[in-house]
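Protein chains in written order, with the working numbering: chain E, 2 to 337; chain S, 11 to 305; chain F, 6 to 265.
Please note that a few of the clues may not be correct.
Which residues of chain F face chain E? A partial, calculated answer using Cβ under 7 Å [unchecked claim]:
(1) G105
(2) A118
(3) M190
Think of the hints as simulated: they come from the structure by calculation, not from any bench. Backbone N, C-alpha and C define an ideal beta-carbon position, used for all residues, glycine too.
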Amino acid sequence: MKNSFRKWLLWAAILAGLYTAPVLFGVFELNLLLGASIFALFSLSLNLLLSFTGLLSFGHAMFFASGAYGTALVLTRLDGCSLLSAIFVGAASAVLVALVLSPLLVRVGGHTFAMLTMAFSQIMYATVMKFSHLTGGNDGMSGFPIPPLVIPAVGLIDMSLERNFYYFSISILGLSAWVMWFFTRTPFGSIMVSIRDNPDRVTYLGFNVPLSKAIILGVSAGFAGVAGSVYALFQNMVSVDGVLGPLSSFTPLINCFIGGLGTFIGPVFGTGIGTILLELMSAHPEQAQLVFSLVLISVVLFLPGGAIMLYWKITSRWIVLRNKFQTAILKGNHES
Amino acid sequence: MDAIAVMLITQGIHGLAYGMLLFLVASGFTLIFGMMGILNIAHASFFMLAAYFAFQIMQWSGSFWLALLLAPIAIAGLGILMERLMLRQIRKFKLGKAVVLFELMLTVGIMVCIEEAVKNLWGTDPEIVNAPELLRGLVQFFGMTYPVYRIFIIGLSCSILLLLGLILFKTRLGNVVRAAVQDADMAGALGVNVPLVFTLVFGLGTWLAGIAGVAAAPMLTVFPGLANQMMLDSFIVVALGGFGSLFGAFVISMLLGELTAFGIQFFPGYSTIILFGFMALVLTIRPSGLFGEKE
Amino acid sequence: MNPDRKQPRNMLMTKRLNHYFGERQVLFNISLEIQEGTRHAIIGPNGAGKTTLFNTITGKYRPKNGSILFKGKDVTGFKPDKLVRMGLGRSFQINSTFAGLTTFQNLRMAVLARKNIRFNFFRNLDKMQPVTDETDTLLARIGLAAERNLPAGLLSYGKHRCLELSLAMATDPDLVMLDEPAAGMSRIETHQMVKLIRELTHNKTVLIIEHDMDVVFSLADRITVLHHGEILATGTPEEIKANQDVKDAYLGETKVGNAA
Ligand SMILES: Nc1ncnc2c1ncn2[C@@H]1O[C@H](COP(=O)(O)OP(=O)(O)OP(=O)(O)O)[C@@H](O)[C@H]1O
Ligand SMILES: [Mg+2]
């Protein structure tokens, strides 16, 4: 009872904080927060594959990019496209890419999955460059119109206003994160975790593993697409190196590891830490990535539970977490 | 001789030189993967780092030959440190299947770290490494001219290849290494000091990448992005050639070298798509690669 | 269970199954007939191909040639999950549970499978009371209630084996295939396991691989002896005991095995 009260209090505080942020902070901090939440959602979508299904993707940026390009394209080409449809088109194109690739992707796991996703994101990069008349090639696309949000009975909400756009994006991202969280709690979510643990057994319980993996891939890609779509709206531009560059797929992975694998909230933590770190280093941008990579290496070597593990330890709830963590990623070594 | 033939042969030699370098990098990559099951994403970064080491050593001493000797050794030292201090540390956590994820992420971290460190130490502008006096210019035979340095790369790689072949197939150490690549557990049960062999192979693999890096420095541009192309190419080599297969790596490296040399002329812009598409197909339909012996 | 199920005389039939690993043939013309309601044991020395036969029957491997009939239907080339949905259950020689999940979560997967809750994206599983209740009942029934929240990988070997068996029985299968369920167990544990098998497989068709002759003779109605991938003999326990070929091949091989 007391626990759940504390939980509600925490949520209320977070919501209140997010609501009042535009009042308290300037545009700069607001943009920082918005950027961080876009990448938090991107990392969370990757985490569905990584922590919950045990699949390491080295090409998740292709779904983010599909979302970004899908939204940018539809806004450029289609006059009068509404805001929500543009986001929907972004998400749908990411899902489409995932479903087209899924016949190949669901057959493999481990290293092969990592290499395969990497190959596909390279193909995507080359494709984007090849169709430069559509995508703008190296220069990317920019300056597409950002339509207002139409709410029946309320009217038009102008999205070129920082504050309005902030509220809108935060709501979309928060809602997406909640849907994903719920997704992990459903019966299908438990199938997902079981596939990570022992796909053979899942098959012998009569579940269709390839089909399930395809669904997970689609869902994960869809939310990466939402993140990419909001990113395109936020930046009002998409460039191939911004969304498909060498580090684009690694950044969310790094966030997940720094935050902590095996938990739902870990990637959010990791993104927060990454953002703060980059901000602290903003005076020396050329060293920021170096520090970031050193943090990643130290986490992998010394704190495999990630920052969230540290947090729990500090709040002396680490025993509880240890069980959770063990359940989540410890596979007994009895298997030999 | 007509101009087309000259062009073809020159391109062919260019492709051969790149293919050889690629093989030096990919062979270490595939040996390490075959033996330890570790996909070392940072492998090509060692290649790039070696090129910078060569640049630095030449700044100090002016001798390319000294660089060719020392830089690979320094790289191998770093590789051994990475294996001993880091990869081994991860196995201490009882992570079960997740250990693969952590190993991969560690190598990703090291890849980023090397690239950023290089940017900080040497900047992002390309550096120029000159080939030694002896290897500059062109040679003429059969009525054609070739750049000496490319011929040197081919010769050097062939010698290293020969050396590697002799070590692997003719010495006791080679037997042990091959046994451990085939089946590390079995080799361990037969009394092989598997951890030591792991370290040796890791050192050997990074040393090969180091040689390639120094050799490549005068031929390719030395800049931080040098690792990217090499990493992607060696991925293709290992995936198509079969994980752990040296022979497969050799054949694919040569093919890829030639394809890169000629492909630019024949299907500009599509070579990446075709290549990676082909790689994806092979990975799913024949995971053992085109030449893989292992199941 | 299945109202429209005809009463097939044969639960499972294989016709001249052959399987190869690369060039090497490990199964030679295996023809089996398992009558509904019988307990059929497969015995044979190590490496005879028993597990491979299970993998082939359950669709993990595709046989090079030959066919498999399950409940009178040709199922050659069917994937395991489809066969399981048709009423087949299997346990593995090496425990194949969800080692990182708790015992409760393991069995909950079994309950989901039985209740056919597969692609459900709209309900919170923790709040599905019937599932939780059924899982807890199952836990109590196989005597693992005390280990409810322990990761399966940390269970004692005997208990882990019980869990493995219950996962095989999860979908309430008509044909149960058990691969050395009592392997590596002490006398007492073996005894308990046999009891549990009897209890859980009451009225079911069972195909069991077992090395322990006491277990085989106390459980099986019929026995097939596999040797170097070939069927040496099939018959009642008495017939097998009396069969000279079996004695020569099987016992001879075992002795060699022991000496090595
Ligand atoms: N995946 C595989 N690849 C290649 N050969 C295999 C494979 N699995 C089994 N074998 C070989 O096939 C033969 C039969 O193996 P199988 O596991 O079916 O024997 P078994 O009768 O179950 O033995 P045991 O009593 O030890 O369990 C053995 O010689 C084994 O080495
Ligand atoms: Mg067996």
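To see whether the hints hold, each was checked on the structure:
For the restraint placing G105(F) at the interface with chain E, the shortest Cβ-Cβ distance is roughly 5 Å, inside the 7 Å limit, so the hint holds. With 7 Å as the threshold, the beta carbon of A118(F) comes within range of chain E, its nearest partner Cβ sitting at about 4 Å, so the hint holds. For M190(F), the interface hint is violated, since its Cβ never comes within 7 Å of a Cβ in chain E; the closest pair sits about 15 Å apart.
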